Amino acid sequence: MKKIYILFLCFMITFSVNAQVVERIGITDDLKFYCRMNVVCPTELFVDEVNNYLYSQANFGRALKTLDINNQFKLIETKENISKIAPDFSVKLNQFNIRYNKVAVEINNEDGVIAYCKVENGICFTLKKDSGYIVYFVNENGIPGAIDTDGNIYKNTEAIEYLKVYDSEKYAQSRARAEKLQLVEKFDLCEVLIWGNTYYSTIESVTAYWTGRSNGHLYVNLGYPVQYDLQGNGYQPYFVSDGNYSQFVIVSPNGKWLVPPIMLHEYSEILKTSLQEKEYDIASGWYIGFGGNIYYYIAEENYTEVFRIRNTWDSTNLYALAINGYTEDFYGDYVKEVLLKMSKADLRLLRNTIFALYGVHFKSEDLAKHFDKQVWYTDKGLTSGDVTLPAHRQKLVEMIQKLEK
Numbered sequence: 210m211k212k213i214y215i216l217f218l219c220f221m222i223t224f225s226v227n228a229q230v231v232e233r234i235g236i237t238d239d240l241k242f243y244c245r246m247n248v249v250c251p252t253e254l255f256v257d258e259v260n261n262y263l264y265s266q267a268n269f270g271r272a273l274k275t276l277d278i279n280n281q282f283k284l285i286e287t288k289e290n291i292s293k294i295a296p297d298f299s300v301k302l303n304q305f306n307i308r309y310n311k312v313a314v315e316i317n318n319e320d321g322v323i324a325y326c327k328v329e330n331g332i333c334f335t336l337k338k339d340s341g342y343i344v345y346f347v348n349e350n351g352i353p354g355a356i357d358t359d360g361n362i363y364k365n366t367e368a369i370e371y372l373k374v375y376d377s378e379k380y381a382q383s384r385a386r387a388e389k390l391q392l393v394e395k396f397d398l399c400e401v402l403i404w405g406n407t408y409y410s411t412i413e414s415v416t417a418y419w420t421g422r423s424n425g426h427l428y429v430n431l432g433y434p435v436q437y438d439l440q441g442n443g444y445q446p447y448f449v450s451d452g453n454y455s456q457f458v459i460v461s462p463n464g465k466w467l468v469p470p471i472m473l474h475e476y477s478e479i480l481k482t483s484l485q486e487k488e489y490d491i492a493s494g495w496y497i498g499f500g501g502n503i504y505y506y507i508a509e510e511n512y513t514e515v516f517r518i519r520n521t522w523d524s525t526n527l528y529a530l531a532i533n534g535y536t537e538d539f540y541g542d543y544v545k546e547v548l549l550k551m552s553k554a555d556l557r558l559l560r561n562t563i564f565a566l567y568g569v570h571f572k573s574e575d576l577a578k579h580f581d582k583q584v585w586y587t588d589k590g591l592t593s594g595d596v597t598l599p600a601h602r603q604k605l606v607e608m609i610q611k612l613e614k
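Count the sequence shown with the numbering used here and you get residues 210 to 614, in order.
Since the hints were made in silico from the structure, they are not lab data.
Owing to the predicted nature of the structure, the values given are computational and were not obtained by experimental measurement.
Cβ atoms here follow ideal geometry from the backbone N, Cα and C, with glycine treated the same way.
Quick list of in silico lysine-lysine cross-link-like pairs, BS3-like style, CA-CA up to 30 angstroms:
1. K611 to K582
2. K572 to K604
3. K379 to K337
4. K553 to K614
5. K311 to K373
6. K465 to K379
7. K327 to K337
8. K283 to K241
9. K337 to K293
10. K301 to K311
11. K373 to K337
12. K465 to K373
13. K611 to K589
14. K395 to K465
15. K389 to K578
16. K379 to K572
Pairwise CB distance ranges (calculated):
17. K550 to W466: 21 to 27 angstroms
18. V374 to N260: 29 to 35 angstroms
19. N279 to G594: 19 to 25 angstroms
20. P470 to E574: 39 to 45 angstroms
21. N268 to Q391: 46 to 52 angstroms
22. N348 to P470: 25 to 31 angstroms
23. K481 to T536: 22 to 28 angstroms
24. K589 to Y428: 39 to 45 angstroms
25. A272 to V374: 36 to 42 angstroms
The whole structure should be built from the sequences, with the hints applied where relevant.
In structure tokens, the structure reads:
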């Protein structure tokens, strides 16, 4: 009987318009499979896409390692891990770490745990709140709640009230979406969470709602959490312990598969080997970048494989385009195709998104208003002249400038 230990965290993989492209971007022996007294490592994959760093817990959860993806996963730093939970999902925003597992959501910084709340259905989305952040989730009954970086825990009515204050225009759009979904009564009573186009709830509730309405679905009652990108697309991996297949699904706010399910086992040497072994110990983790890029790893006792799927299922995703830049591969062909379809206004916004990644300050009122709402953006007071872009992003800027003339 195989032993396959799965820990869901953060991830990487790539698609093109008509085909899925899974890239194995490297291997590292600084992260290896460990299991002791039901503690499985590595865990908590997070990828800093701006600088291309990978973070993961190791050493039975006692250490947080930082690896440089650009430099063959060279170990940059090892720090003491202060999290109280073994997370299934993790994201770092400035000095805050937001972590979730099947039991709780936790926010901490270098000084320790700031906030902790029991929750069973993952993180729906994160928004800015004053100088920090507020994290939304639903409980086992699909009732919304939130937790913030000041240590506050919000009940459903308090959590929904902040959405009204945060963005009244989007709140009105969300209510209109609830009306279209015939959920407006529950929305008004703060019994369901709808933000933008997405209805967030338990896997069972969301699947039941979309059954018969769409050609996609999530996996129910398998213990695999769903995480969302900033566009409200839901992501869920599915690992079958008998080794037949392992796959990843991406579901739109309309409950449809955005692409055919990705067969993960076809790309991993570790998973291929495990199919032939009577007993094989494996750990896995995943992360969804702010633009929807998927980062994913498979670990065994000698080394860890890291994979990426770059977002090509959402051509309007400016963050993904800015992060990925222009590269001389299949993704470059995709970028050329997308840029030719973009308006001058969108090209301007994309060009400035590239500089916003680095904290550039914007004097134009429309740009400042747009980026100030982006959870990934921090105004560092820089000018574009202060920023030296890596080659793949500089090339994208030059391509955009030519099209803007």
